[in-house]
Amino acid sequence: MARRLARHRGALVGIVVLAVLAVLALAAPWLSPRDPIRTAPRAALQAPGGAYWLGSDQLGRDVASRVLHGARISLTVGLISVSIAVGLGAPIGLVSGFYGGRLDALIMRVIDVLLAFPGILLALAIVSVLTPGLTNVMLAVGLSAVPTYARLVRATVLSARENLYVEAARALGSRDPAILRRDILPNVVAPLVVTATLGLGTAILAAAALSFLGLGSQPPQPEWGRMLSEGRDYLREAWWISTFPGLGIMLTVLGMNLLGDGLRDVLDPRLEV
Amino acid sequence: MRPYRGRVWLAVATALALVLAGAGLRMAGAQPGGTLVLGLDQEPPTLDPHASPSAVTYQIIASVTENLLFKGPDGKLGPWLAESWTTSRDGRSVTFKLRRDVKFHDGTPFNADAVKFNFDRIVDPKFKAGGARAQLAGYAGAKVLDEFTVQVSFETPYAPFLTYAAAGTLSIVSPKAVRETGDLVHTRPVGTGPFMIKDYVAKDHTTMVRNPAYARKAPGSEHAGPPPLEAVVWKFIPEAGTRVTTLESGETQGVYAVPAQSLPRLEKNPAIRIEKAPWPGVPRIWLLNVTRPPLDDVKVRRAINYAVDREAFLATVFKGTALKASSPLTAVMLDDPSLRQAYPFDQARARALLAEAGWQPGGDGLRSKAGQRLEIVLNAIEYGGGPDPTAQLIQSSLHEVGIDVKIKAQARPPWYEDNYRCATHGPVMFLRATDPDGVFSLFHSSLVGANFNWSCVKNAKLDGLLEQGRRESDAAKRRAIYLSIAQLALDEALTVPLVDELSVWAFRTGVQSVKYNFNAYPILGDATLRR
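The listed protein sequences derive, respectively, from chains A and B. Quick note: the first sequence, position 154, residue 154 per the working numbering, numbers continuous. So the mapping is simple: the working numbering equals the position in the second sequence, first residue as 1, plus 1000.
Keep in mind the hints are simulated off the structure, nothing from the lab. Treat the hints with care, since some could be wrong.
As a list, the in silico EDC-like pairs of lysine to aspartate or glutamate whose alpha-carbon atoms are at most 16 Å apart [stated by the list, open to error]:
id, chain 1, residue 1, chain 2, residue 2
1, B, Lys-1268, A, Asp-261
2, B, Lys-1319, A, Glu-237
3, B, Lys-1203, B, Asp-1041
4, B, Lys-1235, B, Glu-1492
5, B, Lys-1461, B, Glu-1492
6, B, Lys-1319, B, Glu-1275
Derived Cβ-Cβ restraints for the label pairs, each shown as a range [said to hold, decoys possible]:
id, chain 1, residue 1, chain 2, residue 2, range
7, B, Ala-1370, A, Arg-109, 34 to 42 Å
8, B, Glu-1239, A, Val-193, 36 to 44 Å
9, A, Val-193, B, Thr-1242, 30 to 38 Å
10, A, Arg-109, B, Ser-1445, 34 to 42 Å
Glycine included, every Cβ here is placed at the ideal spot set by N, Cα and C.
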């Protein structure tokens, strides 16, 4: 599988982009030329190049250092949000799809209601209730994606449980948990990995949007969405304050999407058109 | 045939020359007429002067409704709708002799009954008054002595009243219009001024047009009669960048609240002129909640005053739009060397004071005492694009001396709620006030849990001085009282004065003769527009 993925051009680009970003994020404390939250009022709004590679912002903070540290925050937020979504959504879908009947009907109606809201709106509502902050953003973005994963897993389980080998396992006297684990779960993994990878990009974008609106990370945290929003008023005079975090978001989401598409092509040949 | 044809050409040429000359005159002269389009940073909640809690209202209606008195940029009081006034010996009432030649825009006459109606309206418990209510604190009633004489009384001597009588909040509207048009007062207040509100389109603009019947010479104005401008359109353009762009493109001829980052570009533009006027009142200030540890320790509060780098504010977000603040009143209200020297930027002194108070630096540079970290929660308003940038500047200044500032960024209603409950270490705020009595609301113990004693201070000496300031009508004695108040507030470090903001306007150079009143609101009665 790894070899097929490596031969997929899009996926390869995605992997490279994400790998570079991950290294930059991990090494941010050592790579950053300056403290990302330290202000230097007399060096505010310096253009890129010279002392500041990517310029300085309205309070004289180093944009390069902030963008690097921002990568840490965004990648963490993406991973944790998607983990929450998968961690809750997959078991719900598994149970619902496997047992069917009234339980399934009940769970799916609730999921339908949640799916009726656009994800970002749901996340907005959750953060507003929980009070703004990065932790709550992860929770909100994660929770708002739960219905997607529950639906996906349920659909896969529904078709998987009709397989002859499941019937055979049951005839041999296997118990439900064993069947779920040995015979059903492997079918679910592939679509789940594909969706989760694509979901990472969506989650990062949603978290940045919430921070842009002031509901996410709190100052002085160097979060990309917040940097974008703070630099908005300076676009004419200091384009670099919002441009670089914007590029950061764009590259990360692009990387995730390319990798996700590649994974889908490799793991799920039926979708290859 | 020929001579005739020649004459025709001559006539045509002459006509053409006249037309061209006329056009030339039109272009060069600052002759009457024209519509001035101005861009404001916000939309007013209402245009009713008595109902508004917001400065933007008075900015718009400064030439629409008029006051009994006028306070110019020099701070001196003069006549306006009242020709003269006398304060009773006990300081509890003021008798105004009114002008006899004034009519409201709806044609009804202005008289003593109208004044009484206006003041009674403000204190009417059924009326939802704005800032006007507090300015009539202790109002006992108005008595119509004759058609053009009215006596306004208070329960106790109330010196600030004369200044407030000159502030837009207590400006006079037509009783007939209030009685007959109901809620329309919010968008179409009917006054006596040189301009009349013509229309109001929510989220977009309001238009005021010349009052052709205006025959007087308004105070602060240089001519008698109706204003030269035909109309003024106030556009509401909240996004700062967009607002500035409309000025550069010529879509507006003036914009208010020019952001610091655009100033250098506009200053370089020969077609644009910048005008600045200092705001009276309380500067942008951090009210330190003295009841909440560790701010219950005056040493910590003083340390904060030494540690906050005010120059950093002036070098960044307020570059060119503010001056350094040194007391709870802006310099136009009260200025004294003793105030300016109170807290120089001195990190060493701040660190020493914190150490004295028992806060020792830990490994990460942040201080703690008996396992407790030196953490301070700053209450900040979330404006959509992040909290007030001043909060981040404070945060970074205090981090330098080992204080960890957490910014609690939130919407306005919970922000107010926290201030009333003294639930944080205090907010950054500002107050526009034309009388030094503005600090009464900041420090009087009766206003803890209300507007605006958010330092939550209860200090008998301070209360005494604040009450004395309200009673004293002698200017020199008043100044001495408010100087003592400011010194006491600084000594107790109840606040951190940050910056005295300026009202910053940018106009296209064709706009001439804009004047300002003491509130720093533009007076447009003389303004002209060259096209």
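* Numbers of the earlier hints that this structure fails to satisfy, in rising order -> When the structure is compared with the hints, numbers 1, 4, 7, 9, 10 turn out to be violated.
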